[in-house]
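A.B. asks: According to full-length UniProt numbering, the residues represented by the sequence shown are 1 to 174, in order.
Warning: the hint list may mix true and false statements.
Said to hold, decoys possible - With a cut-off of at most 27 Å between alpha-carbon atoms, the simulated BS3-like pairs for lysine-lysine come out as follows:
1. Lys104 to Lys120
2. Lys163 to Lys124
3. Lys166 to Lys120
4. Lys7 to Lys41
5. Lys166 to Lys104
6. Lys104 to Lys41
What the hints assert, rightly or not - Across the chosen pairs, the derived CB separations fall in these ranges:
7. Leu125 to Met26: 41 to 49 Å
8. Phe106 to Gly142: 29 to 37 Å
9. Pro102 to Asp18: 50 to 58 Å
10. Gly132 to Asn154: 49 to 57 Å
11. Ala134 to Met109: 18 to 26 Å
12. Lys163 to Gln121: 22 to 30 Å
13. Gln147 to Gln27: 19 to 27 Å
14. Glu113 to Val25: 47 to 55 Å
15. Gln27 to Leu171: 45 to 53 Å
16. Phe122 to Thr20: 22 to 30 Å
17. Gly172 to Phe21: 48 to 56 Å
18. Lys120 to Val158: 54 to 62 Å
These are calculated hints, taken from the structure and not from any lab test. Remember, it's a predicted structure, so these values are computed and weren't measured experimentally. Glycine residues also receive a C-beta, built at the ideal position from the N, C-alpha and C atoms.
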Amino acid sequence: MEKNKKKREPLLYIQQPDFTFPDPVMQSTYHIKDGQDEELKKLEKELPALEVEQVKEEQLKPDESSEQPIADKLTEQPEQGKEEPVHEERRKERPSWMKIQPLKRFQDMHIDEKLQYLTKQFAKLPCLFECGEASHAGVLVGVTPDQIRVQTHNDGEVTIERKDLKHIRLLGSF
């Protein structure tokens with residue numbers, strides 16, 4: 001019994017390794033393309049609205065920068081009793097990704113747009129070309145101003161007059 005009362009050390013020792021956590025690599029610097037916007041914001045805080053508008057006009061005209069400093073031009077102008085509200089018109093250039101116009105849905109395109117779209121596609125899309133009395137299922141092979149050529153499922157090539165073509169519908173894969 002006396003043995004049980006003694007404090008025993010564990011028979012299996014588990015040693016924990018020393019973990020060294022890596023330092024995270026984070027962005028420490030950044031670059032802003034248009035520095036003029038920051039300068040204008042600082043000027044807006046410091047100068048009244050009328051003077052800020054004049055400073056903006058001066059920055060838009062870089063050819064006149066050799067005449068006088070902007071601060072001299074601002075002090076030379078007489079103060080008016082009435083200040084008209086300044087309407088700030090900023091020309092914001094849209095980013096290049098906003099200039100891209102989305103494509104129309106294929107169903108919303110006219111026949112000429114559909115033919116142009118199908119000729120530009122790398123993968124040939126199977127379509128149903130509907131004429132007045134017949135319809136042909138196949139892949140568009142060629143387009144001329146008067147005719148279109150369609151490769152059908154059974155390896156035959158059909159020539160359709162452009163004026164007879166009524167509608168083009170996309171089909172699933174063959």
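A.B. asks: Run through the hints listed earlier and report the numbers of any the structure violates, in increasing order.
C.D. replies: 4, 6, 8, 10, 13, 16 and 18
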